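S.K.: Make the full structure from the sequences, and use the hints.
Chains A and B, in that order, are what the protein sequence lines are.
Taken in order, the first sequence gives residues 1 to 193; the numbers are from the UniProt record's numbering.
Taken in order, the second sequence gives residues 1 to 193; the numbers are from the UniProt record's numbering.
Derived by calculation from the structure, the hints in this document are not laboratory data.
Here the structure is a predicted model, which means the values were calculated and not measured.
Take these hints with a grain of salt, some might be off.
[To be verified] Not close to chain B: a few residues of chain A, all C-beta gaps over 10 Å, as computed:
| no. | residue |
| --- | --- |
| 1 | Val39 |
| 2 | Pro126 |
| 3 | Thr184 |
[As the list claims (entries may be wrong)] Pairs of lysine to any residue, SDA-like flavour, derived with a Cα cap of 25 Å:
| no. | chain 1 | residue 1 | chain 2 | residue 2 |
| --- | --- | --- | --- | --- |
| 4 | A | Lys190 | B | Glu140 |
| 5 | B | Lys125 | B | Leu63 |
| 6 | A | Lys146 | B | Lys193 |
| 7 | A | Lys125 | B | Val181 |
| 8 | A | Lys190 | B | Leu63 |
| 9 | B | Lys193 | A | Leu152 |
| 10 | A | Lys190 | B | Lys51 |
| 11 | A | Lys146 | B | Arg110 |
| 12 | A | Lys190 | B | Lys174 |
| 13 | A | Lys193 | B | Asn71 |
| 14 | A | Lys32 | A | Gln111 |
| 15 | B | Lys193 | A | Asp182 |
| 16 | B | Lys51 | A | Pro126 |
| 17 | B | Lys183 | B | Leu143 |
| 18 | B | Lys18 | A | Glu115 |
| 19 | A | Lys151 | A | Pro126 |
| 20 | B | Lys190 | A | Asp81 |
| 21 | B | Lys151 | B | Lys174 |
| 22 | A | Lys32 | A | Glu14 |
| 23 | A | Lys51 | A | Lys151 |
| 24 | B | Lys193 | A | Ala179 |
| 25 | B | Lys125 | A | Ile170 |
| 26 | B | Lys190 | B | Leu63 |
| 27 | A | Lys183 | A | Arg173 |
| 28 | A | Lys146 | B | Tyr175 |
| 29 | B | Lys190 | A | Asn50 |
| 30 | A | Lys151 | B | Leu152 |
| 31 | A | Lys174 | B | Val181 |
| 32 | A | Lys125 | B | Lys174 |
| 33 | A | Lys193 | B | Glu132 |
| 34 | B | Lys193 | A | Val185 |
Each residue gets a CB set at the ideal place from its N, CA and C atoms; glycine is no exception.
Protein chains: 2
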Amino acid sequence: MASRKLEKYEMILEAALKVIAENGFHGSQISKIAKEAGVADGTIYLYFKNKEDILISLFQERLGSLVALFNESVKDTNTADEALRKVCEIHFNELEQNVNLAYVTQIELRQSSLELRVAIGLVVKPYIQLIEHILEQGVEQQLYRKDLDIKLTRLLIFGALDEVVTSWLISGRKYSLSAQVDKTVEFFLKGLK
Amino acid sequence: MASRKLEKYEMILEAALKVIAENGFHGSQISKIAKEAGVADGTIYLYFKNKEDILISLFQERLGSLVALFNESVKDTNTADEALRKVCEIHFNELEQNVNLAYVTQIELRQSSLELRVAIGLVVKPYIQLIEHILEQGVEQQLYRKDLDIKLTRLLIFGALDEVVTSWLISGRKYSLSAQVDKTVEFFLKGLK
Chain A
1 MASRKLEKYE MILEAALKVI AENGFHGSQI SKIAKEAGVA DGTIYLYFKN KEDILISLFQ
61 ERLGSLVALF NESVKDTNTA DEALRKVCEI HFNELEQNVN LAYVTQIELR QSSLELRVAI
121 GLVVKPYIQL IEHILEQGVE QQLYRKDLDI KLTRLLIFGA LDEVVTSWLI SGRKYSLSAQ
181 VDKTVEFFLK GLK
Chain B
1 MASRKLEKYE MILEAALKVI AENGFHGSQI SKIAKEAGVA DGTIYLYFKN KEDILISLFQ
61 ERLGSLVALF NESVKDTNTA DEALRKVCEI HFNELEQNVN LAYVTQIELR QSSLELRVAI
121 GLVVKPYIQL IEHILEQGVE QQLYRKDLDI KLTRLLIFGA LDEVVTSWLI SGRKYSLSAQ
181 VDKTVEFFLK GLK
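M.R.: What follows is the structure, encoded as structure tokens:
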């Protein structure tokens, strides 16, 4: 995409994130998103097929960036323990700093149709695979027990992280999410050894 | 409620569970539920205000029974370790044996409005509190480390269990859920000590 086009595409996604976080997916008409982005309604259709397409693109771009960030950070770690801590830090820090994204991923995402959820599941998959890879690395490094059920454990870890974020949001963000990293990682690391 | 009335109330809830599991909450018109229950549309309104009310009642009755089952089973255990294993066993066994309930709790529940989710959250709360109580008992019994963050850890455990059930459903129930109990409990117990 040429840079002018890319800029508009980005502006629409950023506007959609804000509008969906404030009004819910069902209450976010294309016209509202266009108004927030400062473009004509028709312009949206130059970039996206429909509202579902905006939501999927939003996940691809924003969660895609998060997964890239995870992958980058994990590269700089030496052990699986450090990698797992990095993952937890980024997961909690990024969503704490980007409440709109947190709201859309934890609440709106879950309200979408099964079809949409399958599409979004594909975006989340590389993250689950990264956790799997870290667990494999940990077994290889003889840090984690060799009978660890990796396919099951990656779900236990992902589900645990996910629930902490959702609960923090629903409870009105009354405490710091990033302050939960140490105790969360401690629980995981003991569980893995 | 008189027993005839109670019977009809139960029949409508059972029909609603089946219809919602097959058609999704949004695709489950009152008329479909009435047909499945073998009653007139108007009869539904003698028992429920609207479709939302049916969904909330369904959760109160079915999840309520599950929580009662959890509480009963935990009474027969001597240690927090045994209680946690019981919770995990019941969670996985009951949802494996009642796929409609699993589908409605894991998929349809998440698609409902924030208002509905708050109501449903109240039904789930006693379950989260039971996990909290087991963790407290474990610390008292000196089985779990005394610096355990109980409020955080109950979320880690609930989220982990929840994710395993959702993933099992979405992947098309290709494996046994109850076969995951041992490895799941092992991860938790190591994490707690």
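S.K.: Provide an ascending list of the numbers of those earlier hints which the structure does not satisfy.
M.R.: Of the numbered hints given earlier, those the structure breaks are 3, 8, 10, 11, 12, 13, 16, 21, 23, 26, 29, 31, listed in rising order.
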